[in-house]
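Protein chains: 2
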Amino acid sequence: MTNLWKVSTDTFVNEKESIMRMGNVYQIANGYMGYRGTFDEFGPDELVGITIAGIFDRVGDSWREPVNAPNGGYTRLTLDGSEISALTSTVKKHAQNLNLENAVFNRETIYEANGKTVTVNSTRFLSADKPNLGVIKFSLTTDKAAKVKISTGIDCNIWDLNGKHLVNLKLEQNEGALLVHAVTNELGKKVAVAEVVDASFGKATHEVKDNRNLHVIEVDTEAGKTYTFYKYFAVFTENDHVASVNEAAVKAVIEAKNAGYEKCLSNHNAEWAKKWAYCDVKIDGDDEAQQALRYSIFQLLIVAPVNGSANSIPARALSGQVYKGAIFWDTEMFMFPFFLYTYPEKAVELMRYRIKTLDGARRKAKTESIGFEGAFYAWESQDDGDDACTYFNIGDPNTGRDLRTHFRDKQVHISGDVAIAMWEYFKLTGDDSLLLEGGAEVILECARFYFSYAYFQKNKNRYEILDVIGPDEYHERVNNNAFTNMVTKATFEIANATVAYLKEKHPAAFTTLVSKINIEKELPLFVEAEKLLYVPQPNKEGVIEQFDAYFKLRETTIKELKAQMIHPNEYLGAGQGLAVPTKIIKQADVVMMLNMFKDRYPKEIKKANWEYYEPRTEHGSSLSACAYAMVATEFGNIDFAYDYFMRTAKIDIEAKYKVYVGTIFMGGSHPAANGGAWMTAVFGFGGVQSTAKNVVINPRLYKKWNSLQFNMIYKGDRFKVTIGQDKVEVIADAANKASHTFVISGQSLDTAPGKTLSHAAGAKSLA
Amino acid sequence: MTNLWKVSTDTFVNEKESIMRMGNVYQIANGYMGYRGTFDEFGPDELVGITIAGIFDRVGDSWREPVNAPNGGYTRLTLDGSEISALTSTVKKHAQNLNLENAVFNRETIYEANGKTVTVNSTRFLSADKPNLGVIKFSLTTDKAAKVKISTGIDCNIWDLNGKHLVNLKLEQNEGALLVHAVTNELGKKVAVAEVVDASFGKATHEVKDNRNLHVIEVDTEAGKTYTFYKYFAVFTENDHVASVNEAAVKAVIEAKNAGYEKCLSNHNAEWAKKWAYCDVKIDGDDEAQQALRYSIFQLLIVAPVNGSANSIPARALSGQVYKGAIFWDTEMFMFPFFLYTYPEKAVELMRYRIKTLDGARRKAKTESIGFEGAFYAWESQDDGDDACTYFNIGDPNTGRDLRTHFRDKQVHISGDVAIAMWEYFKLTGDDSLLLEGGAEVILECARFYFSYAYFQKNKNRYEILDVIGPDEYHERVNNNAFTNMVTKATFEIANATVAYLKEKHPAAFTTLVSKINIEKELPLFVEAEKLLYVPQPNKEGVIEQFDAYFKLRETTIKELKAQMIHPNEYLGAGQGLAVPTKIIKQADVVMMLNMFKDRYPKEIKKANWEYYEPRTEHGSSLSACAYAMVATEFGNIDFAYDYFMRTAKIDIEAKYKVYVGTIFMGGSHPAANGGAWMTAVFGFGGVQSTAKNVVINPRLYKKWNSLQFNMIYKGDRFKVTIGQDKVEVIADAANKASHTFVISGQSLDTAPGKTLSHAAGAKSLA
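First to last, the sequence lines map onto chains A and B.
This note's numbering applies: residue 201 is where the first sequence begins, and numbers increase by one.
This note's numbering applies: residue 201 is where the second sequence begins, and numbers increase by one.
The following block holds chain A by itself, in its conformation from the complex (with noise of 0.2 Å):
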């Protein structure tokens, strides 16, 4: 049987694309900086990267992305004096893992020059509980006596896109550590690396040669001998607030190595105990599925921001400088769902991002366009909010151009998203501490942005949300989408909703606010946009047209569109892409929109619009397999669920992605799609839904599985929940605080502290 907390190969392909993949695949990451699963004498070309989290840089007038710190995991040997690699060398065996129960990554590589075998044995983490901390075991065993030189320290040679981000590189000796500071090159922000190294053979000297800080340590191989080197590096940068970057840098590795390789480990894997006792989901009975939902839930744990950083998660989390670093609206639509049920600390973190960057969405909605009131969020929001999306985001192969694309100025339901997950919090959690520290701010600027975006129509006495761009980004600049409006209705009933809270329970505070930011008059034309704001209702079909006049586009077949393109990796919307004119569309958007607001819609309607949109959807996002397994659990095309859901979990395991869209580079990791796996898992067929009254659980199991088992926090309370083909156990913590109703399948249930639930009617009476 497969080890299901491994991912492992015993293969070894000396080719770009391959590597490109598997540094993917086998990165770790500890939520501070995220290492690509490259080999330890591998350098830019292959894509070895140390992305840290929260700190960008911007070159001439390329794309502002996130900056990739010196790689202080840096060791190649030369054997005889031939240089060892894997790239040039024979490599006669090779075998690597990944442990998700600790995010530990290892390989073994026979290597062979001059008629002699050298053995790499290398394990490396990021410390989950010090995260500025990498630590890294090497050995090395010669088949028979040589001469092997050991260079290892920190490779200040940088993959960038668009580098070079650090200037001013510095590369030093600092009490027997390595020390590498720089400067970034826009903002002039302190980045320092430190090395140390335990060795207890060989002769070491320093050598600081082609970019690199190095040890060099020379030993006489015995014959079959290991020899083994710890190695421990440290990121720090300005925004650690430390009073050096380059002391705290030393310091950190001085410290780690004293503590000792055993110890770091010991600290770190406790705290990943901690980490999956709360976020594991267990399938049983479907080993795969198992695998593929564990390495999608450990993608997120290994990205979630540390704690008080008020970082978010990426789009290609920390995979890489990809999509320029930038938090989209994936990060609160399909990733923090997760959090929220599991890790409520780490949802707390995402919303804080929101909050800081605020004022960055207020100056993109007072600068964007003609300027509008409030906050518009950044379509791809970097440190500050300001957008870091461009107008000419895709690049066309067929004529070499760039594309205007609108998903910048016109992808207006961002701010909803925000204010929805802003809430979500305060209605999950029952915590309105959030709401106090700049939430409520946050939802009553957003929905001050959509009324001034709003536009009121007359003959039909209604308000309107014109010229935007749905979820289905092939459609550019329409009118009414329906999730558009909807997200903007719902803010609108959140806005009023916050108000109608703040003034019961925080009067004072509300007060402070609403003065703060000016917003007194405004508050009536809330709740009137609440009431006039036009959302597209179902037609006799029960189908919702996604936007006004998307019925009168051409019907086509994603293949005959297919048919038609030029370049392979040309972009289908835009402008005049071959989407646009068509009914085709990238992602789940009305049935998106019917995924969120599952409770305003009878099942019917989800069974319409789904069967109208899935032959429509192209499935170009990473994000639509999931919106539509989710919505197809709930009117019970069980199947088709477990097609898509399986699709979602296995997208970053098997990397069979995309990498290009229209001439942009696009490979990494996909949190977005490992959210969306545990939310059809959980939600879809699990069948959960948490409101602010009660937790609804209406299980509808796939067939192949026995039971499915997961935890949740609900209003601050822990719950364990085992769903059976015949039966639903719900155990209550010990020491939750309150009891809370479980309404299963449609019983409703008290949970009091200690408590276990256990009801009979499950998947099957559902089904």
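Keep in mind that the hints were calculated from the coordinates and are not lab data.
No residue lacks a Cβ here, since even glycine has one placed at the ideal position from N, Cα and C.
Every clue listed holds true.
Partial selection, computed: residues in chain B whose CB lies under 8 Å from chain A:
id, residue
1, S569
2, I570
3, L603
4, S652
5, F656
6, Q657
7, K658
8, N659
9, R677
10, A749
11, A774
12, G775
13, Q776
Take a look, some chain B residues computed to stay more than 12 Å from chain A by CB distance:
id, residue
14, L204
15, K347
16, L369
17, Y427
18, K762
19, E814
20, G924
Pairs of lysine-lysine, PhoX-like flavour, derived with a Cα cap of 20 Å:
id, chain 1, residue 1, chain 2, residue 2
21, B, K344, B, K425
22, B, K904, B, K482
23, B, K858, B, K762
24, B, K858, B, K216
25, B, K658, A, K731
26, B, K658, A, K658
27, A, K337, A, K463
28, A, K293, A, K316
29, A, K660, B, K566
30, A, K721, A, K731
31, A, K658, B, K731
32, B, K566, A, K658
33, B, K658, A, K566
34, B, K752, A, K566
35, B, K337, B, K206
36, A, K920, A, K482
37, B, K425, B, K293
38, A, K316, A, K425
39, B, K660, A, K658
40, B, K658, A, K721
With chain A's structure known, arrange chain B on it following the hints.
Using the frame of chain A, we list chain B on its own:
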């Protein structure tokens, strides 16, 4: 000195493109039909075309376009058995001319074959008094005795862009006349062409061969002797409302033959003398300008609709099927003023055409996009007022794909253009019959359309017009286009004025109309909309932003832009066109607005906008230069105005225009530019502006001109105006019914019938 009444050449270039361009320059027409300036022996490959006004047909999915008639002017010779044709024979000498005085085309060509020459002299005209009739005098002379066979008759091989439009084609003989009759493919409309020959030599037989219905006349010529015959052809369609198109056609040619060539010609000439008596403009001191302007006026006169036809003038007039023979805003904004000032009975037809097609405009409003109220006139209007414009109106030579353009669905200013012309007719003629016969209904339905199209912005307390294309078609789907908003505002003003006028003067008609179109409740909304409609205002520098956020577009130069073109015919607009993200505009837009609404803006604003927009204008439309020229005269840039006037006036006589936009052939004549040339002369250099109250003349003659003389009609009375460098003379016709006020260079003067005003302050004092 050149004969300023003739256009001539002694060159024949045997190349397709030259033949195409010459076909335009030497075309004749009489409002009922056009006949391209091609040789008697030419066929469809040389773009021989007899395009009939007001009858359209569609084949399959192709564009609907005007019907070309079988060519009743066809004649081909053989000389001693050898085919004679300018395409295949040696042309020893050739000369051709077009007489602008009477629209008679003549050519003399000496062909050589088998060591002999034959001189052909052919003269043709389309009767100005009998619009169905064409007349040809054909002479031939051989230098040596020879056997000549003349095949003359009706060629049914028709040049069509998207044919074949005529089906059930029958080639017959009837009472000595040849008859071809058929029905149109789409609507089954009957079309007949008859032809009769009057030849007093040779032996005649009848032959039907190669889809031609022919008389064959064989003659053994004597050397040097001239053989002359006359051809009469007539075209009738079901639109003529005759009992039988076949009989009417045959009757017409027999009657013409009986009357004889000279009689036909003298009747024709008499009509032409009347036209020129009132429509000519004399420029003293500038022959080049004189000829170009006269040629422009000639172009308008030949295509002026037949009285009572309720036809209008297509964008390429009757020079072929280009632009689908459709009527655009060009007619109202660029041609209509010429007719309104000089030939009101033709201006009436243009307006009747819009009344006739009101139902089409209503259909379009209802069905376009999400559906609107009122009348949304077709961007490309044919016989029924439905829109001939497609959603994919331009091909992209880079990809071979059709481009989605929004000309049809977003160029909403067309309705206002119609309403403005309708009102202008009433204002300047004082004749309210057109209003009562449907004009008022048109106006109110246009206002109704705009109200249903408009949105109200609550924060700004104003109506806005969103998502349109202004005259600058390179920028599609813009908001608050200054031109469109102003036209919309004017439409509401006109609607409100119409209501006030009818209420006062024709209360019963008003009541009937209001009840017929059920508009009473909406009338107060039009008053509110007039008041609260947003029209972009000048900024600090006096510049009016062309549309929302235009100022944020990329600054570039036309040269820089064109350097990026991949294909020379590449369209610069639509979706991803090169001009779209830049400030480069296709044609006068704000400046066109300033020209149309010149009363509302001071000179400094005109200057500021002219100076801002002119360098950013690509002049990709023949409508552009004259707008810039006219506004330039207003603030004293007379030299520039002259250059652009000449560019406009010479467009068709020089025929150097581009003939492709994208992959679309658009060669043909430019009646809008012809009208623009007249406007630039009279309104620009003449400084004439008629208002409801008076006629204002603020002359600013070009320095080279000694004087500018023209006739004009105001409130049904006639005036001859002569503007010299130092004086203005206005002669009121003795038959005038009333006295009118002329404000010349600021001085109010009275023009009693028969009186001559002479005002010493002329151009110089104002230039």
